[in-house]
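Q: One letter stands for each residue in the lines below.
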Amino acid sequence: MGQIWEIVIKYWPMYLRGAGVTLYLSILGTVFGFIIGLLAGIIRSIPVPEDGWKRILLRAVNAILAVYIAIFRGTPMIVQAMVIYYGAAQAGFEMDRMAAGIMIVSINTGAYMAEIIRGGIISIDTGQFEAAQALGMNPVQTMTKVVLPQAIRNILPAIGNEFVINIKDTSVLNVISITELYFQTSTVAGIHFSFFGPFFIACILYFIMTYAVTRILRMVEKRLDGPKNYALTSRARKGKGVQYGEGN
Amino acid sequence: MEKVIEIRHLSKSFGTHGVLKDIDFTINKGEVVCVIGASGSGKSTLLRCINLLEKPSGGEILYNGTNILDKRNSIYSYRARLGMVFQQFNLFHNLNVLTNCVVAQRQVLKRPLEEARKIAMKYLEVVGMEQYLDARPMQLSGGQQQRVAIARALSMEPDVMLFDEPTSALDPEMVGEVLNVMKHLAEAGLTMLVVTHEMGFAKDVADRVVFMDQGVIMEEGSPEQVLIHPQKDRTREFLKRTLRT
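For the protein sequence lines, the chains are A and B, in the order given.
Start counting the first sequence at 0; every next residue gets the next number (numbering that gives the first Met the number 0).
Start counting the second sequence at 0; every next residue gets the next number (numbering that gives the first Met the number 0).
FYI, nobody ran anything at the bench for these hints, they're computed from the structure.
For every residue, glycine included, the Cβ atom is placed at its ideal position computed from N, Cα and C.
Certain hints may be false.
[Claimed, not checked] Within a straight-line C-alpha distance of at most 25 Å, the following computed SDA-like cross-link-like pairs (lysine to any residue) qualify: (1) 54(B) x 152(A); (2) 121(B) x 232(A); (3) 221(A) x 138(B); (4) 117(B) x 221(A); (5) 70(B) x 232(A); (6) 2(B) x 14(B); (7) 70(B) x 52(A); (8) 117(B) x 55(A); (9) 227(A) x 142(B); (10) 167(A) x 202(A); (11) 121(B) x 167(A); (12) 54(B) x 202(A); (13) 144(A) x 212(B); (14) 53(A) x 138(B); (15) 144(A) x 202(B).
[Unchecked claim] Chain A residues, not near chain B, derived (Cβ > 10 Å throughout): (16) 53; (17) 54; (18) 64; (19) 86; (20) 92; (21) 96; (22) 102; (23) 121; (24) 189; (25) 214; (26) 229.
Just chain A, same shape as in the assembly (with noise of 0.2 Å):
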């Protein structure tokens, strides 16, 4: 216990900022991630229309997004990073390794994210699709006001969940030599010539971590959800100013 707490003391900045940099990739790899999968999910889920030229570019852009999907959930994101990183470095990119990291993380949770999607929006009923047209909302608005508001809150779990990984998974941006918490825990021990007390610490960082954001999304989720309750409208909030009943 003295030891790991000799470490602490002695190196909580590393951690710290190892900490930080592996929220900061979660954080907007999960919402670029999002607004991928949110992109390709949509476009996955239009039904095909039976005849025309938007008939071609929507079986084109399926068949594109499918083998996105297909790739980058078929492969492990370590590969991945090498693969874009070094790939790029070889093509004449000199890419800055946090905005690689942040890009391969997001390219990655895309991929899941827009199977989660479009299973969101396959299990909102038909009769919801089916009120929205035919008060003559058009596929946009039926999508925006109705089908997606009800979708996201039915896969926030799942969102969750792509969260946790991502907290969890970024670790494997240390083969690119980004400095996120398991990297700066690998130099902390390197430093220390102790493997198990910096690692222990690392654990228990990342426990807090991904805890804390399961917390915080079931609370997100009683939010959307609203009160259990409704209370019965007042007559005086109609708006007329007009009392019913005696004593008025």
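With chain A fixed as given, assemble chain B onto it according to the hints.
A: The following block gives chain B in isolation, referenced to the frame of chain A:
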């Protein structure tokens, strides 16, 4: 009489199965038309074809004289002119009662928020749900949900209201409250097309009753003609079966 919707030679098939066959049918302004018939007779499909939730396979649908199947006409503004009430209510689960009645007014009709709210309140009062503005659909009973759904459709101030078996999914004790609202609307002169199994409602409220069987209109006339003195064997058979229960 002024025709609001005129259907000519309408047909609809799902694959090789013909659901509607050469339907000719008119709804006049201010009229209440009830469509009755067994399950699978095509009555719901007819209603869904009218607001293009199903794409007709052939024929014409004229709305105030213009063919709405013509691709140049906007289906969105046409649909906004028709109110639709579904068997399963289909209220938007993510929105409270008031917003359910406001959202399409804002999005489709581009009404200002204050005006949209006022109109929504007016129709929520008509259906007796004005005290439930903040409630979410899932917190309401079936009958209450259906009344909100009627207010939502009315808030668009449509020319015609289409009802697709509005009481079929309700518990028996809630059927009455919904039928009462509909009766009230009929008396107020609203043009209504109602697909229903409620023979009592058809008899009391309808100006005209249409009996559908196997995708065709078998018999059509006043409630008395169709329900009390039916001419066709199929109609008699159907009525005997439904009235017994």
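Q: Next, verify each hint and record whether it holds.
A: How the hints compare with the structure:
{"no.": "1", "hint": "54(B) x 152(A)", "result": "violated (31 Å)"}
{"no.": "2", "hint": "121(B) x 232(A)", "result": "holds (14 Å)"}
{"no.": "3", "hint": "221(A) x 138(B)", "result": "holds (16 Å)"}
{"no.": "4", "hint": "117(B) x 221(A)", "result": "violated (30 Å)"}
{"no.": "5", "hint": "70(B) x 232(A)", "result": "violated (45 Å)"}
{"no.": "6", "hint": "2(B) x 14(B)", "result": "violated (32 Å)"}
{"no.": "7", "hint": "70(B) x 52(A)", "result": "holds (16 Å)"}
{"no.": "8", "hint": "117(B) x 55(A)", "result": "violated (46 Å)"}
{"no.": "9", "hint": "227(A) x 142(B)", "result": "holds (20 Å)"}
{"no.": "10", "hint": "167(A) x 202(A)", "result": "holds (10 Å)"}
{"no.": "11", "hint": "121(B) x 167(A)", "result": "violated (54 Å)"}
{"no.": "12", "hint": "54(B) x 202(A)", "result": "violated (59 Å)"}
{"no.": "13", "hint": "144(A) x 212(B)", "result": "violated (39 Å)"}
{"no.": "14", "hint": "53(A) x 138(B)", "result": "violated (41 Å)"}
{"no.": "15", "hint": "144(A) x 202(B)", "result": "violated (40 Å)"}
{"no.": "16", "hint": "53", "result": "holds (13 Å)"}
{"no.": "17", "hint": "54", "result": "holds (16 Å)"}
{"no.": "18", "hint": "64", "result": "holds (27 Å)"}
{"no.": "19", "hint": "86", "result": "holds (43 Å)"}
{"no.": "20", "hint": "92", "result": "holds (44 Å)"}
{"no.": "21", "hint": "96", "result": "holds (41 Å)"}
{"no.": "22", "hint": "102", "result": "holds (33 Å)"}
{"no.": "23", "hint": "121", "result": "holds (16 Å)"}
{"no.": "24", "hint": "189", "result": "holds (52 Å)"}
{"no.": "25", "hint": "214", "result": "holds (24 Å)"}
{"no.": "26", "hint": "229", "result": "violated (4 Å)"}
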